[in-house]
Amino acid sequence: MGSKPKKIKENRVIFDTSFQVERLKHGKDFVARNIGPKEEKRSLFFVLYEFKTGFLRSAFDYYCLVSVLASPADALAKWSDRFAPRELKNIMLIESVIKRISEKVFDNDKKTHLRKLEAAINFTISTFDTDLELMGDFSGDEIVRFEVFGESSYQAFIELHNSRKALPQKAFWERNRIHLDKFIESKKLFSDQKYEKMFDKLNSVKIDINKLDNINVNRGIGDAIISVDSPKGGTIVTTDKIYDLLCGILDKNKVRLIAKT
Amino acid sequence: MITLEAKGAGTRSISVKDIEKEPVDARTGFREEADFSSDVSERGTPDSIQLDSFRGGKPEFISKQTLSEFASIYSLSFIQHKTKELVVKLTDQMNKWAELDVEDALIYVKKSKDLLDHYSKYTDYSEEARVLVGTLQLIFDGDTWEKLSKTQLLSIVQELKRFKDGEVNRAAVVMFSKQLLRAGINPLS
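Protein sequence lines correspond, in order, to chains A and B. Note that our numbering has the first sequence beginning at 1, numbered continuously upward. Note that our numbering has the second sequence beginning at 1, numbered continuously upward.
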């Protein structure tokens, strides 16, 4: 008697970065409202990378800003004027979450405000993978593996991130050249002005893989990585419209949710 | 000058001979931080301080100024002791709160919040304890506490038991956060 064929997990959902940030704002309810209890919940190590270099890095910078300014109120006012969140992707989302958290933990006493801010940052990273399995490439990346806990870890993380702004992706795209080719073959689908830049970056990588050393190229194709790195048969859960395009090209499933205000 | 007198040269413990009683905080009912003796004895510990567990060296006469110096370098065992006290008192208040509707339990909510404010001056010296107390303050200082069901309240009490010995490590704090989320408690939402 032959062994049973491995069942394809049709009920596997993969949370992208936008969903994970959205989940921060609305917690378990947001997941429960949108995802059935029987779904196998997954995310990617790459999503954790984006979360750390985007949201967390910005949160650390904000913590430092509160520390050096006279009052938490000054920091909140100065944040959006002078200090942009770090990553190009999800700028508005990250900024709004940090503002929201800062207002939530606001305290006129700076020491108390910083304690609560530190706890809030810790809560976000501690709960990132709650009831969620991480999968895919980049599990060995040093930023992905970096353990963040409390203020004492901020400096080491910031120094690591400053020393290596571009994620090593060459091996990933070498392995997934077939998917890169599919994106390039679908040039006309990227004709929307919003997506042209991503196409140009993917195309530059196709022509010369060393273009991945360019920070703008490196950071500008994260959604393409998520769509490629997500397993076939799973469903990417996102609030980002670009997955309509990317998943269509790769013939992958996706569910796009409307971000809750 | 307020002095702490050593029981004997070279002995490990010193007794409090003539320490001024700090006024009891009318809001919290707790003494201020200089009064270590009452804090310690309150939990049934003998009225003495193992000085060398706070700072190395031979205990002799020390001034209040020196006392505040070592207050800023609390040893792990002292922070652990204060954290244990906090957990015992906090879970006690929360258990009483859980027996009532929230509108009848405001006194216990207030006491819980005051406890966190009071003990944060000790727990701030340990990163793990500070993050734990900060997480609880996120619940008590915002409006999250208003939305807690009895089940959620009791699950916080249950989860706090992992710190009942006053020992707070990273893994336990991370697990505490995860369990809050699993119980549907998101202090950030």
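Since the hints were made in silico from the structure, they are not lab data. Accuracy of the hints is not assured; some may be wrong.
To be verified - Pairwise CB distance ranges (calculated): (1) Ile158/A to Leu100/B: 43 to 51 Å; (2) Ser71/A to Asn95/B: 34 to 42 Å; (3) Cys64/A to Ser77/B: 55 to 63 Å; (4) Glu185/A to Ser149/B: 52 to 60 Å; (5) Glu103/A to Val102/B: 18 to 26 Å; (6) Asp165/B to Ile258/A: 43 to 51 Å; (7) Asp244/A to Glu103/B: 43 to 51 Å; (8) Glu167/B to Glu40/A: 48 to 56 Å.
We put the beta carbon where it would ideally sit given N, CA and C, even for glycine.
Can you let me know if the beta-carbon spacing of Glu185/A and Ser149/B is within 52 to 60 Å? About 54 Å separates the Cβ atoms of Glu185/A and Ser149/B, which means 52 to 60 Å holds.
Outcome for the supplied range 48 to 56 Å, where the beta carbon pair is Glu167/B and Glu40/A: violated (35 Å)
Assessment of proposed distance window 34 to 42 Å (beta carbons of Ser71/A, Asn95/B): Cβ of Ser71/A to Cβ of Asn95/B: about 37 Å, so the range 34 to 42 Å holds.
Between the beta carbons of Ile158/A and Leu100/B, is the distance compatible with 43 to 51 Å? holds (46 Å)
Between the beta carbons of Glu103/A and Val102/B, is the distance compatible with 18 to 26 Å? holds (23 Å)
Verdict for Asp165/B, Ile258/A (Cβ pair) under range 43 to 51 Å: 47 Å Cβ-Cβ, so the 43 to 51 Å window holds.
Can you tell me whether the CB distance of Asp244/A to Glu103/B sits inside 43 to 51 Å? holds (48 Å)
Are Cys64/A and Ser77/B spaced within 55 to 63 Å by their CB atoms? violated (32 Å)
Consistency note: the structure conflicts with the earlier hints numbered 3 and 8.
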